[in-house]
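Asker: Next come the chains, spelled out residue by residue.
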Amino acid sequence: MFEMLDTEILGIIALTLRMTLLSSAISSVIGIPLGLWLDSAKFPGKKLVVTISRTLMASPPVVVGLVVYLLLMRNGPLGFMRLLFTFEAMVIAQVLLLIPIICGIVYTASQRNSERIQTFAITMGANKRQTQILLIKELGNEIFFAVITGFGRAMSEVGAIMIVGGNIRHHTRAMTTTITLLRNRGEINQAIFLGIILMIIAFGVQIIADFLRKRERRTDENY
Amino acid sequence: MKITDIKKSFDRFSLHIENLETTTGKIHGIIGPNGCGKTTIMKIMAGLIKPDSGDVDYENLSSREFTMVFRKPYLLHDTVIHNLIYPLKIRRINPDNELVEHYLEIAGLQDYRNQYALGLSGGEQQKLSLIRALIFLPKLIFMDEGFSNMDIEGVAFFEDYILNMQKTKPMTWVIISHQLSNIKRLCDYVYFMHDGKIEAHGEPAEILQDPENVNLKRYLHYM
Ligand SMILES: Nc1ncnc2c1ncn2[C@@H]1O[C@H](COP(=O)(O)OP(=O)(O)OP(=O)(O)O)[C@@H](O)[C@H]1O
Ligand SMILES: [Mg+2]
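Chains as they are written, first to last, in this note's numbering: chain A, 1177 to 1399; chain B, 130 to 352.
These are calculated hints, taken from the structure and not from any lab test.
Lysine to aspartate or glutamate pairs mimicking DMTMM-like chemistry, simulated, CA-CA at most 25 angstroms apart:
hint, chain 1, residue 1, chain 2, residue 2
1, B, LYS201, B, ASP280
2, A, LYS1304, B, GLU194
3, B, LYS179, A, GLU1291
4, A, LYS1218, A, GLU1291
5, A, LYS1218, B, ASP140
6, A, LYS1304, B, ASP184
7, B, LYS201, A, GLU1291
8, B, LYS218, B, GLU230
9, A, LYS1218, B, ASP181
10, B, LYS218, A, GLU1291
11, A, LYS1304, B, ASP207
12, B, LYS346, B, ASP273
13, B, LYS136, A, GLU1291
Which bits of chain A does chain B cover? Going by a derived footprint, with three or more residues having C-beta under 8 angstroms, they are:
hint, region
14, 1295 to 1302
15, 1313 to 1319
Cβ atoms here follow ideal geometry from the backbone N, Cα and C, with glycine treated the same way.
Pulled out of the complex, with its shape left as it was, chain B reads as follows (with noise of 0.2 angstroms):
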């Protein structure tokens, strides 16, 4: 897909991005400051927000065949299974017991799958908002910091099962992250955003080993 031109404002705030197109089995990352518009600029290629003007082009891609996947993910007043199997049920896909078994033991659910999802700990959501998207195959994901409150080991795990995942059936990923190891482990290529604009773009091992950016490399300083 791609957006071109797409201008957003809010009171304190206005995005202005010119171009971005994703790569067809790709993993594009987004990094940059708190409050630099990611989560905007995401929100609005996954079509929840409506930009003020600037065009959104999903190309071939209808709207059941991408996701987003958030921080803070909704979870149904349901058990875990039937939070997994939601996509699922509304694609009209009988959910095949290996397949649901298999994605819950990559999330580590499965002594939970009966319990109340809204039960489960910050992490746990999260890896349960991940599969229940991954469950699906869509062919596009938003992932905005989808990682942000796992621990260490299921960080790596799900590095390690979409980086596999890309080699076999590929899907584009766009992923906001605030760990630049998720970026430099999964990212062929990544946007750098400051206070509403991509100020520098590129592959990872090109643009964060000593940026010529300002901005960037004030980003990276602490790192």
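Same shape as in the complex, but just chain A (with noise of 0.2 angstroms):
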């Protein structure tokens, strides 16, 4: 199996990873401010934007994928910029569509449980900037599966890229995108091949994913 391994499914490879790693990682540096801040914040209509946040958190990548196309395409508000079918709009499609899931993870998380934090950081006399070192590092585990589960998304989905990215050969063509591809053409194996290894990846990211969760249930007597 190991001859399918050649230049182009490593390119194909190591441009899957870059894209996931930097979509997962623009979106955490948005999502993760964004879901304390919603969860802190006070102002009219908040619950709508939470309901809206919810509700994008599931939305199908296709669609992400349709809006950012309609966006970048030569007579698009954005068309300017000529990102359509790029590197670039890979990510924007995919950064799209992790910051509601980041953000909603986390969210829910400072729900549950800033508000002990912060009573305990009252007590022990912490300032305003300690109390919220103390929350994001209370909430590291939780802000953690987050972005795994944002990186996991990025690097399963294959809508949102197929419509913005094109699936151009050594260009825009990501794991997922290829899968399609091969099976198309009728080339199975090679579609098994990197299927399986697009599975030991996830695979990974789960196990790191199921030790967090197992950690953080340890944590109260009554169970």
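Two chains, each in its own frame: build the complex with the hints.
Answerer: Structure below.
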């Protein structure tokens, strides 16, 4: 099977990892503070914002892809940037897909725990900055879990990057889009091979996530 | 510190405390049946919740000089030792090794220092939470049933420890307990609450012996 690991396939794997890491990193930098802020902020219409964010969490990638496509296409509002069918376009689409997911998980975790943590911080005499640091530290596992989830989603997603990336050889071809292509061409063995690699990466990511969740569970004498 | 004319209402409960003043270096007890408002008034005094109206006056006390200990303490997702030194860390005090050892020893937690704190038993968690409050030598400590899960020996030890400390470097304490033995041994002054109000107060010997107040009489009936 290893003869399939030719330079083209390696290039595809590398591009996929580069894209996934970049999009989950950008989404984390935006989504984590957004989730924490959403929990602490009070403003009219907050409930609606949360509901919208929850809806976006489950939005189908092809729809997000379509929206980004419409924005970036030649006659679109951002067409002048000439980003359609580029690596950047795929990252943009994935970031839009991932932000609600990461923000949503962080928001839920914060909502569940921030009051207890803040109360504790007050009793300890922590100042505002120390309280914020404490909050992020104490939510660390959940935040990491959010990032991992985002990473997994970006890795396995095909609809959005297919539309905005165009699956161009040596250029915007990722693992998932390659699998689709190979299947269409009837090159099933290659498709399966890539699928297995994808599964191995996803499996590794899940092991990390499970480890975190298990650590989380040993937290209360009641359970 | 003192509070005057404090009012706080929840859906089915309202609290009105006309006057409560702590005496520096003394131990004050709050007793009363479940749901009479002990925790609520203590949280108001500790600045954790805002009263609907009334005045909380800390006099010369800064928010870093008092703390509150809970029946179910919040423990950091970290080791025992890191929990213990947290209040020192945020005050930029270098934890002195001997001091840390001393506190670990009085809580009987020497062997658990590097263990994950959330894995401790209920009583051990309370001991950790109490030494974590003592280690930074606050001037005022609020303790809401901080002994409730400790074994008899542990309670007796901390009672002795506190009484000894009151002779050398006295702190001001406000203690809630359902163990009248704690109250009788520790307190210089006791408040009896019933249905959101202070109905009797005085020195323990004075008000716990043959009380006039009917509610206090009933509360003490099963002793
Ligand atoms: N956040 C809240 N929202 C609604 N009701 C509340 C809230 N906090 C407290 N209460 C109510 O106020 C009353 C007093 O509560 P509190 O916790 O002060 O009682 P307590 O005297 O400490 O009782 P216990 O001995 O059981 O600890 C209770 O009836 C409780 O249900
Ligand atoms: Mg209570």
